[in-house]
Amino acid sequence: MLVASDLVRRYGDLTAVDGVSFHIDPGETYGLLGPNGAGKTTTISIIAGLIPAHSGTVTVAGQPMGPREVDAKRSIGLVPQDLAIYPELSARENLAFFGRLQGMRGKPLTRRIDEVLDLIALSDRAKDATKEFSGGMKRRLNIGIGLLHAPTLLILDEPTVGVDPQSRNAILESVEALSGGGMAVLYTTHYMEEAERLCDRIAIIDSGRIQAEGTRGELITLTGGLDYIRLTGEGQIEAAATALRGLDAVVQVVADRRLLTLTVRDAPAAVAGVVTTATAAGMTLGEVEIVRPDLESVFLHLTGKALRD
Amino acid sequence: MRQLWTMTASDLRQRVRDRSVFIFGLVVPLALMFVFNLTIGSTNDVALTPITVSVSVPAGDQLAATLVAALGQVDAFPITVDEVSADEAGARVRAGKAQLAVVVPDGFGEAVRQGRPAVVDVTEGNGSKIETQIALSVMQGVLDHLSASAVVVNAGVRSGVAQARLGALAEQAATVMPTVNLTEGKASSEQLSPSGALVAGQAGLFLLFTVGFGVLGLVAEREQGTMARLRSMPMRPGLIVAAKGLVSYILGVVATTVLLTVGSRFFDVSFGSPAAVAVLVLCAVAAATSLMFIIARVARTAEQANVAQSILALVLGVAGGAFFPLGATGLAGRVLDLNPIAAFTRGLGITSGGGGLADIGAPVAIMLGFAVFGLAVSRLVPDRGRDL
Ligand SMILES: Nc1ncnc2c1ncn2[C@@H]1O[C@H](COP(=O)(O)OP(=O)(O)O)[C@@H](O)[C@H]1O
Ligand SMILES: [Mg+2]
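These protein sequence lines are chains B and P, in that order. Quick note: the first sequence, position 13, residue 13 per my numbering, numbers continuous. For my numbering, count along the second sequence from 1 and bump the result up by 1000.
Source of the hints: derived by calculation from the structure; they are not laboratory data. Just so you know, not all the hints are guaranteed correct.
[Claimed, not checked] Computed beta-carbon distance windows for the label pairs:
no.: 1; chain 1: B; residue 1: ARG111; chain 2: P; residue 2: VAL1028; range: 25 to 31 Å
no.: 2; chain 1: P; residue 1: VAL1381; chain 2: B; residue 2: GLY182; range: 42 to 48 Å
no.: 3; chain 1: P; residue 1: LEU1357; chain 2: B; residue 2: PRO52; range: 45 to 51 Å
no.: 4; chain 1: B; residue 1: GLY217; chain 2: P; residue 2: GLU1223; range: 51 to 57 Å
no.: 5; chain 1: B; residue 1: GLY12; chain 2: P; residue 2: GLY1238; range: 22 to 28 Å
no.: 6; chain 1: B; residue 1: ALA150; chain 2: P; residue 2: VAL1028; range: 43 to 49 Å
Quick caveat, the model's predicted, so the values are computed rather than measured. Ideal Cβ positions, reconstructed from N, Cα and C, are used throughout, including at glycine.
So that you can see chain B by itself, here it is in the shape it has in the complex (with noise of 0.2 Å):
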């Protein structure tokens, strides 16, 4: 569906991306998961056409994809992380605009239109000036604008970002619904819940380039697959590390005056046994806190650094 290869785009000194290859499968949900000035946009706006790149290429549907290229651009419907809409315009007014540039007429326009709408639940502000939605009704729009012609392959950038929860929560939905009618998904985010719960597969992008790549599961086994329990409280810490160390499933036990950092494996079945040995050696416990590995843990292994500033 599409192909990114060594694209590079530079901006005087700074290599924004530097790099980049992927390419999404059909039907396929692909994220973009990184902090901001990771490249996300630049490489967005490089494979929407909207510019060159410094070098490398993109296909879409098989078609050479580039500023002036047309028909690539036919397969695929963008929507922008910075609102893309008129505020003189009505909801319907801007779908209607979009939809005609996208070669769409007449009836089938009306109801592709009125379908959207729909979905995007502005069925019943469609008449007014889009100056004066909330902004969640005007990221709705922005996504409506995008998905209007059915493209074979949707690119959402950032598309929740300053969005109250319950319209991020309908955002998501949505995105969920058109990937299992089958559109390929290109979404780029820096929300690590988000690639989590959308993304077939997930890009970790940062300083320009793709920094690892594959389903959650995969990411998650390159910080080692293991799990942390804390345990803080009174009493012999010293004697409950030295008892916990023994313990098959405990790798490391780090004691940090009142609290001890345990790496396990698989906490969920180690949690019993390390909470009954920490006790036995006269630790008297306060909390005991389990910590999965997510893609925040993965940024932070690949990376040094936290995923959100």
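With chain B fixed as given, assemble chain P with the ligands onto it according to the hints.
Chain P with the ligands in isolation, oriented as in the chain B frame:
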């Protein structure tokens, strides 16, 4: 093509809806026309009355005769010229029989021919009127012209041209002198009445604002994020730019046509041949639109674009005589003449003086040349908004 029209139509609809194009393209210029016309009106109301000038001219002095003859060419009001003796001339003014006395000294022509200073004596009557001032300024114009030829003589002597030939040259220069009249020689409004110049000048000035509503929309699209989406549509990027140009062009033609039509009705001005005026409007709008493309390339924000547009509009508008006629000679005059707004008002001057399509070649060439030049420059300057 359909996409071009879709974009153009949508833009026009938005511009009509937000009304600012009406305000800046029609309401403000019309209001200014009315305000400025009040000030013109008050000077126009002075009805010019006939005057009598007594003159004394040395017999057989052709250059002196030219000087006096110029008075006869003033057609704003009748001037009666009485030829009398030198003493009589002053006496008549004192007696109130003439409003102005002009005594040309013996040897005047000879002095001019040889490049020596020649002084003409003038006596004004008590309570000298505006008509007297007009007659005086007409003669001053002739004198300036004559001393120009005197300079020619001096320069010629130094470079060794035969004295006899120079005399002939001086005389020739003086006699082929163009008709002196008061509205002549202003860079922008050859034959426009003050009201006509006002309507034409304001239409030209505000054209530069009106066309901004199209092309400068490129900057707004960039700012409001819609440019990214437009570029992702299945069409050539050039089409986006072309649509904005078309919007500018349509708005410019409509606004200028309305301003000229309404202006000519209200201020009783005739611009002459509708076909020739139409050609002038089409060319002026093309020139103004091309200018906007340069701004759209250079400006990073809509605010910058608006400031640049206002500065250009004022500079070109003022230089084109939107507020007052501006005259200049030599290099400065030629630079002023290249201003498309000046060319536009000059063209309207030609048509209102009865000129047709065949007579407006020069202003049309200037405006079209400017349009081509503007488009070429806009292709050459780096596009500061290209990276969205
Ligand atoms: N038009 C531009 N001019 C200069 N630098 C840019 C431009 N666009 C992006 N950058 C820089 O490129 C880097 C990547 O930006 P971007 O692709 O927007 O990241 P992301 O979308 O992941 O937040 C950033 O350092 C950003 O400042
Ligand atoms: Mg971004």
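Results for each hint:
no.	hint	result
1	B:ARG111 with P:VAL1028: 25 to 31 Å	violated, 45 Å
2	P:VAL1381 with B:GLY182: 42 to 48 Å	holds, 46 Å
3	P:LEU1357 with B:PRO52: 45 to 51 Å	holds, 46 Å
4	B:GLY217 with P:GLU1223: 51 to 57 Å	violated, 43 Å
5	B:GLY12 with P:GLY1238: 22 to 28 Å	holds, 27 Å
6	B:ALA150 with P:VAL1028: 43 to 49 Å	holds, 47 Å
Of the hints listed earlier, those the structure fails to meet are numbers 1 and 4, in rising order.
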